[in-house]
Amino acid sequence: MIPAPFDYVAAESTTHALDLLDSLGEDAKLLAGGHSLLPMMKLRLATPAALIDIGRLTELIGIRSDGDELVIGAATPHAAVAGSDLVRADAPLLAHSAAQVGDPQIRHRGTIGGSLAHADPAADLPMALVALGGRVDLLSQDGTRSVAADDFFTGFFETSLEPGELIASVRVPRQPGAAWGYQKFVRRANDWAIVGAAAINGRIALANMGPTPLRARAAEQALADGASPAEAAELAAEGTEPGEDVHADRDYRRHLARVLTRRALENRT
Amino acid sequence: MQVEITVNGQQRSDDVEPRLLLVHYLREVCGLRAANVGCDTTSCGACTVLMKGADEGGTGRGGTSVKSCTVLAVQANGQQVTTAEGLAKKGAGEGGEGLHPVQAAFRQEHGLQCGFCTPGMVMAAVGLLSENPHPTEAEVREGLEGNFCRCTGYHNIVRAVLAAASSGNGAAEVGNAAAGEERAEVGA
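These protein sequences, in sequence, are chains E and R. Our numbering numbers the first residue of the first sequence as 888 and each following residue consecutively. Our numbering numbers the first residue of the second sequence as 902 and each following residue consecutively.
Hints were generated in silico from the structure; no laboratory data involved. Just so we're clear, the structure is a prediction, and the values are computed from it rather than from any experiment.
Capping the alpha-carbon separation at 16 Å, the derived lysine to aspartate or glutamate pairs in EDC-like fashion look like this:
1. E:K929 - R:E918
2. E:K929 - R:D941
3. E:K916 - E:E1049
4. E:K916 - E:D906
5. E:K916 - E:D894
6. E:K916 - E:E1045
The following block holds chain R by itself, in its conformation from the complex (with noise of 0.2 Å):
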């Protein structure tokens, strides 16, 4: 079946089976690695990626935050998928400069250790504070209940996402950052 899905701001089209996952699609069709597949059972979260219909305002803008494991390419149809690749600004350094602002906080306050949960646990973070700009720390663990540390490196991550609200940019370059023009090079 022919989908068209705008993944990272590129709008593409794909013929793909009705049973490929949004997690395959964004892997294996897409070329977009950050994406992981853990469980595969909608327990860990580290496929988490946003997904937003083309008809959907509201406050998620980057979309809400879903798992792609338990979604379909073609319910994906027409709508727009943000994975962590499309968070930074085109050519974000080495130094960190042009990184999204959660991303920025993850890496200034080391939230992350063997890093396979990170790029779910941004994305959860990302759609966290589009939602509640402002948690408490309470609000972030539980709106990060959806995702597993199996390093158990949680400290860290809570402390990434309270600085990146706590920087007062984060709801709002949330947005723009999603639904900007200047993104990092997508591969494939």
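In isolation and in its complexed conformation, chain E is listed as follows (with noise of 0.2 Å):
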């Protein structure tokens, strides 16, 4: 399979790249590692008119400590974050769930930008930033602005990204020693979650129980009211809509989502 025909250039800094696309517009994508995009483009399920490389831009790259926030550079690929010694000590939880995406060439490639921007509902890194509570900052010619992970992701394969808006990095709070639980079912190796759930300090996500990630927010109350994690977790799909598709119906997604979240609550360590 091959992609539509495009123009590609590759940006020299990020101002190059907010530069290339206010003047390309609407019709030009952004590179990175590409493993979601070339995909789709493969499919023709995307065919942009041209593709701005921010893959190898160094300011793009990279994880460090900022007070009680790590900051994680767009183009950083999930076998950097997942390999960190950082990650691994103060974002367990999100150096695990690099570790779950795809497979050691995937993560030799994707980047935490790319995946998150991509926004897909089964993905490990959309569950576990709205789980962490972590952040996104956003880069464009008129400025920064920085966005809670709860309001990032608006709808399917959908974000609040505005055009001429870029991922510059990724913040996730410093929680050493907070204790994490992270559970996907999957059909095969490999796949996408049928429905995947992450715990951390109270906080629950969901992976594929709607068009975005989401917040188990009525097992999340009954956990901060005294609940056992076993009661919560009876409530982890209340008020979710999932779809359905040839592996799960509604309703078992809802089971899985009980299921997943007790043993995520009942497994943190």
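Given two chains presented individually in distinct reference frames, assemble the corresponding complex, making use of the accompanying hints.
Below is the structure:
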């Protein structure tokens, strides 16, 4: 499968990338690792007129601590996030979720910013970011803004990214020692979650239980009110309207949300 | 667009369409047919090659494993790419001498059946051993989870990778061979 023709520009800096985004308009897409975008282009589900390659901009790659947050450059590959001593110590849930993405080759190329911008509700990193209460730093010609994970995902494969904006970095709170749990149910190795659940510090996020990663707020409230993990997990699917597909109907997804939330809460480490 | 890519140690300059996939560049422009197009959807790993930026150091001596069906040739501009053709020393014989240790181990342990997945499997194994020279069996199995053998010949493949690792020179020679001067003749 071969993508439709497009123009390609390797950006020399984020400033250059923003200039190109402005001049090329909405028919241009940013390319980093390309492991969400290129498969869509090969299937002709995406036919951008131009690609702006930001995948090798060193200013977008790397991991550092900034006060009580970890800051991860948007073009940092999953393998680097998963293998980072800093992330493993201060945000182990994020390291674990990055290690769940695809397979080693995919983790060498795919990037954290790309996965979040793609906003697949079944994917690992969007759910992890919501569970962690992280945020996304966006850059445009007009300056920067920071969007909380809960507000970043707005619909099925949709985010609050505006035209002319790019994800510069991802921020997650440093929580060394905080107990966390991560569960996903897949049909085969490397597959997307039929349903996923991640829990840390009283926050619970679900994957593939709606058009975006979701908070299991009723279950969170029950935990805060002193319910046991098993009792709280019974409420995990409250208010969700998951989609149906060949793998699972709505009731089965709700069942999985309850079971996986219980396992995530009971197996926190 | 003009790209400068070092393929198996040989610097090349080619004019390519931006939409040309790296695997098609390797097969059709460079004439290197080891990397196969299997699933064409980043799943099966038959197209696995090693890729490394000229500016990258680190432990992945020959580079990190990537699925070349999901990389554009233009994304490899300025980088080094190693395919299975670049592993063996020049003039590797039918007796197996001169093969890369991972190739030799696949030969010794019969780590293949039909052979279609083999070049990708070998490259993924070389990448794995450069990151983790002494993997456990579980680490080998997980490290190769991005490569499918539809003959389901996994047992011998895993045995081959463990044999390459325990030979003691798997990791060291991984780097030497991938960056070596003597390598097999490449086509075209």
